[in-house]
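Taken in sequence, the protein lines are chains W, B, S and X.
Counting along the first sequence from 1, when you hit position 19 you're at 19 in this note's numbering, and nothing is skipped either side.
Counting along the second sequence from 1, when you hit position 167 you're at 1167 in this note's numbering, and nothing is skipped either side.
Counting along the third sequence from 1, when you hit position 106 you're at 2106 in this note's numbering, and nothing is skipped either side.
Counting along the fourth sequence from 1, when you hit position 76 you're at 3076 in this note's numbering, and nothing is skipped either side.
The hints are simulated quantities; they were obtained by calculation from the structure and are not laboratory data.
Every residue gets a Cβ at the ideal spot worked out from N, C-alpha and C, and that includes glycine.
Check before you lean on any hint, since a few could be wrong.
[Unchecked claim] Simulated restraints on C-beta separations:
| hint | chain 1 | residue 1 | chain 2 | residue 2 | range |
| --- | --- | --- | --- | --- | --- |
| 1 | B | SER1016 | X | GLY3217 | 47 to 55 Å |
| 2 | W | GLU133 | B | SER1016 | 25 to 33 Å |
| 3 | W | GLU231 | X | LYS3004 | 37 to 45 Å |
[Said to hold, decoys possible] Residues from chain B that keep clear of chain W, each with C-beta distances beyond 12 Å, as calculated:
| hint | residue |
| --- | --- |
| 4 | ALA1013 |
| 5 | SER1014 |
| 6 | HIS1037 |
| 7 | SER1119 |
| 8 | GLU1142 |
| 9 | TRP1153 |
| 10 | ILE1199 |
| 11 | GLU1206 |
[Stated by the list, open to error] When the alpha-carbon atoms are kept at most 30 Å apart in a straight line, the in silico DSS-like pairs for lysine-lysine are as follows:
| hint | chain 1 | residue 1 | chain 2 | residue 2 |
| --- | --- | --- | --- | --- |
| 12 | X | LYS3075 | B | LYS1168 |
| 13 | W | LYS77 | X | LYS3074 |
| 14 | B | LYS1138 | W | LYS138 |
| 15 | W | LYS72 | X | LYS3074 |
| 16 | B | LYS1146 | W | LYS77 |
| 17 | W | LYS146 | X | LYS3075 |
| 18 | B | LYS1146 | S | LYS2169 |
| 19 | W | LYS138 | B | LYS1146 |
| 20 | W | LYS63 | X | LYS3075 |
| 21 | B | LYS1155 | X | LYS3037 |
| 22 | X | LYS3037 | X | LYS3004 |
| 23 | X | LYS3140 | W | LYS77 |
| 24 | W | LYS63 | X | LYS3004 |
| 25 | X | LYS3124 | W | LYS138 |
| 26 | S | LYS2169 | W | LYS168 |
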Amino acid sequence: MDKTLSSLEDAVASISDGDVVMIGGFGGSGAPIEMIHALIDRFEATGSPKDLTVINNNAGNGKIGIAAMIDKGMVAKMVCSFPRSSDPRAFTDRYLAGEIDLELVPQGTLAERIRAGGSGIPAFFTPSSYGTELAEGKQIQEFDGKPYVMERWLKADVALVKGHLGDKFGNLTYRMAARNFNPLMCMAADRTISQVSQIVPLGGIEPEAVVTPGIFVDSVVEVPNPRQEEEMVRNGEAYA
Amino acid sequence: MDKTLSSLEDAVASISDGDVVMIGGFGGSGAPIEMIHALIDRFEATGSPKDLTVINNNAGNGKIGIAAMIDKGMVAKMVCSFPRSSDPRAFTDRYLAGEIDLELVPQGTLAERIRAGGSGIPAFFTPSSYGTELAEGKQIQEFDGKPYVMERWLKADVALVKGHLGDKFGNLTYRMAARNFNPLMCMAADRTISQVSQIVPLGGIEPEAVVTPGIFVDSVVEVPNPRQEEEMVRNGEAYA
Amino acid sequence: MSWKKLSNSQIAWRVAQDIQDGAYVNLGIGFPEMVAKFQPAGRHITYHTENGVLGFGRAPEPGEEDWDLINAGKKAITLEPGASFFHHTDSFAMVRGGHLDLAVLGAYQVSQNGDLANWRVGSKGVPAVGGAMDLVHGAKRVAVMTDHITKDGKPKLVERCTFPLTGVKCVTRVYTSLAVIDVTSAGFVLREKKPDISMDELQDLTGGKLHVDGAVGDLDVPRIEE
Amino acid sequence: MSWKKLSNSQIAWRVAQDIQDGAYVNLGIGFPEMVAKFQPAGRHITYHTENGVLGFGRAPEPGEEDWDLINAGKKAITLEPGASFFHHTDSFAMVRGGHLDLAVLGAYQVSQNGDLANWRVGSKGVPAVGGAMDLVHGAKRVAVMTDHITKDGKPKLVERCTFPLTGVKCVTRVYTSLAVIDVTSAGFVLREKKPDISMDELQDLTGGKLHVDGAVGDLDVPRIEE
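Starting from the given sequences, assemble the full structure and let the hints guide the process.
Written as structure tokens, this is what we have:
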């Protein structure tokens, strides 16, 4: 069993028009920026994939990553908690023009819905958003005298995540706060593709130090010295 | 902030009659056997705590640990998935005599209910047990054409867990498969008390290697070279 | 009665042949655990145990046990390279969330609509369910391995289970001591049978109608030293 | 009008005085983050940020940032000894599960029954909620820090919120530029007010009835260089 791929091109080859794609990261931390750009390359070359639903905490920043996907017209809908950033122009322009859909989900609910999708839990109750406009139309139930909102699981066709170390079985670790949504998204997609800074031999990650067990990961591609989205945005870089 | 305690006696001092007590471990792996025996010592000396509801995957083995608690008459009710073991006499005798209650919960549902208790999720839906006697009386709901059973969170007054390394903030790691229910129970109790094989200085556990962050732990007591329940049962030991 | 049943080892051998390279598999406690012994050479199979280990291997030598390293049957195990540990909810997320390719379970009864009864035979004694009610949900294939009939000759494949259920419409394939049978929306569909038993004889030992849909293969299994 | 409002730093100072040694605290993005600067000496407080860090410290020096180590406001942070990382559901389990002692949030409006509006002011533009709707649930105390009135002099403490709600009956205490007010089942209860403002003046600037239950302390805050 060897889940390693030799190129970013291979990593993103199987994503189709209309797919639901989870993309890890919180802002730039843990964002698989090189895979996103490989996906943009494919779109530029072939016109696919398009009409994507992208699930991410945010909705892109500056002119790179998810923002560049939006600028290119690849994204039909964003599911996120905070579609704002230091430079939110890409999403804001399309949203205000009615050219992109938004499903706004409270951050903790977003995380829990993704975990539920990966865990075979079709629905759960949370206090979050009760009494607000984000609970409109949702099932409400009282437990122990307190009202809760029912939320459904969230699944995806593909998850693109960024790990730190990976092995050929797909075991992953993450670097510091770059963990965020990545381990959850690994669980909730039909296919999970991870870029990692280093592929290590089996046993190179201690069994107790594995954060995402390989069962949740389908493919691993090595991207040594990955870029930091935040630095790229601060440099004013664009992925044209 | 220093959550370390100097004795097992202190560790179990605050458990009261009638408390709901989660006890970590799966069989003997990860069972905080020294804390359990300290609790028995206290009961022998003072007559308390009694009428306990104990939540554990199993219901004791041989004449030590939870089995010894049952033999002493400290336990009014067990919540578990598998009240059998190589020597299940302690629970079996009391159960068949109608002297102890049993709430039988499928193992995955037990884990998820405990996690829900720790996560502010009062209820969730699972496919497990649908159509069986263990779903009787429970709310059923269909999602995407498939029926699911609603399960409630599970909380406790106290959790007794066994870690491997701990620090004075309560950060914990676990040794191999001794992890099992321990990290979940840490989340779901009003007070979590952990025995660990070694208390290390702050930073002695890498921030990325922390399995249970200290926010979930109230007290830590060092028990160097803890016993393995399985070996004690095989030796025929009794905690009289 | 000219036919001879497969031994448990032989049933386990047959199950093992169907497990593909790269599969993630949970083998139920007891009889199903034997499947691992017959893993065909050249296939890498990752075994999951619900107490929180992925990628475990053979039992350690006697005296070499580490009792922090056990499987769901509380037997000592060893690790293969690339193994991982995780807590119980992550473990059951693997089960319920559809991440396992296969779960193999024992059975008291399997009904023709895929219901499984394998956790208790009546209302007496101490009930114990463990992970069985979770394992029947989520794995891409839920296989049962069982003797075709009970010790007193009654069918274990039935129209409707009479023992308490473990799960409803969950079993996808049954490997018995006489046959390999898929459970489909049409009921039991015979895929393979021992060459020494006739269709009529097999039907007589089966509580539900055995459908045939395409060729019925020979259930040929090598002799295995017990 | 003889009274003078506290500066944001001064409100943050006042909030910090109420945080006990050993507390686990989440400070909302923006203005609430200032509270950490005024942590009284001798108290150990552990700060949580919802993107998955417990035990972070001050911002790094410019040029020393590691952008894998950020807070929920996407600012670079540093770690204190004993810190830990975890994923988003574990992080929100800490929030929703009642493990935080205190969450401190900003507000557009707080109603006398504890409703909070702090995520958007109308239906225009791009809505963004982040973790606000989670943070208002679960923490043992949910405190709001805010100017007492809007820039054009309208009350921010109101009978009923007119802006979209973040949460219902969730705020337990409000620290304003003029007063410290508990939100109880009886409504707003005044605990402290600036000595230079009269009860009548304060009530005029408050949208709901200010109840008094016991002594009203002086809201005395040292001068702070901005």
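Do the hints match the structure? See the list:
{"no.": "1", "hint": "B/SER1016 to X/GLY3217: 47 to 55 Å", "verdict": "36 Å, violated"}
{"no.": "2", "hint": "W/GLU133 to B/SER1016: 25 to 33 Å", "verdict": "44 Å, violated"}
{"no.": "3", "hint": "W/GLU231 to X/LYS3004: 37 to 45 Å", "verdict": "43 Å, holds"}
{"no.": "4", "hint": "ALA1013", "verdict": "29 Å, holds"}
{"no.": "5", "hint": "SER1014", "verdict": "24 Å, holds"}
{"no.": "6", "hint": "HIS1037", "verdict": "27 Å, holds"}
{"no.": "7", "hint": "SER1119", "verdict": "8 Å, violated"}
{"no.": "8", "hint": "GLU1142", "verdict": "9 Å, violated"}
{"no.": "9", "hint": "TRP1153", "verdict": "8 Å, violated"}
{"no.": "10", "hint": "ILE1199", "verdict": "18 Å, holds"}
{"no.": "11", "hint": "GLU1206", "verdict": "9 Å, violated"}
{"no.": "12", "hint": "X/LYS3075 to B/LYS1168", "verdict": "28 Å, holds"}
{"no.": "13", "hint": "W/LYS77 to X/LYS3074", "verdict": "23 Å, holds"}
{"no.": "14", "hint": "B/LYS1138 to W/LYS138", "verdict": "21 Å, holds"}
{"no.": "15", "hint": "W/LYS72 to X/LYS3074", "verdict": "25 Å, holds"}
{"no.": "16", "hint": "B/LYS1146 to W/LYS77", "verdict": "27 Å, holds"}
{"no.": "17", "hint": "W/LYS146 to X/LYS3075", "verdict": "35 Å, violated"}
{"no.": "18", "hint": "B/LYS1146 to S/LYS2169", "verdict": "11 Å, holds"}
{"no.": "19", "hint": "W/LYS138 to B/LYS1146", "verdict": "19 Å, holds"}
{"no.": "20", "hint": "W/LYS63 to X/LYS3075", "verdict": "20 Å, holds"}
{"no.": "21", "hint": "B/LYS1155 to X/LYS3037", "verdict": "36 Å, violated"}
{"no.": "22", "hint": "X/LYS3037 to X/LYS3004", "verdict": "23 Å, holds"}
{"no.": "23", "hint": "X/LYS3140 to W/LYS77", "verdict": "36 Å, violated"}
{"no.": "24", "hint": "W/LYS63 to X/LYS3004", "verdict": "45 Å, violated"}
{"no.": "25", "hint": "X/LYS3124 to W/LYS138", "verdict": "23 Å, holds"}
{"no.": "26", "hint": "S/LYS2169 to W/LYS168", "verdict": "36 Å, violated"}
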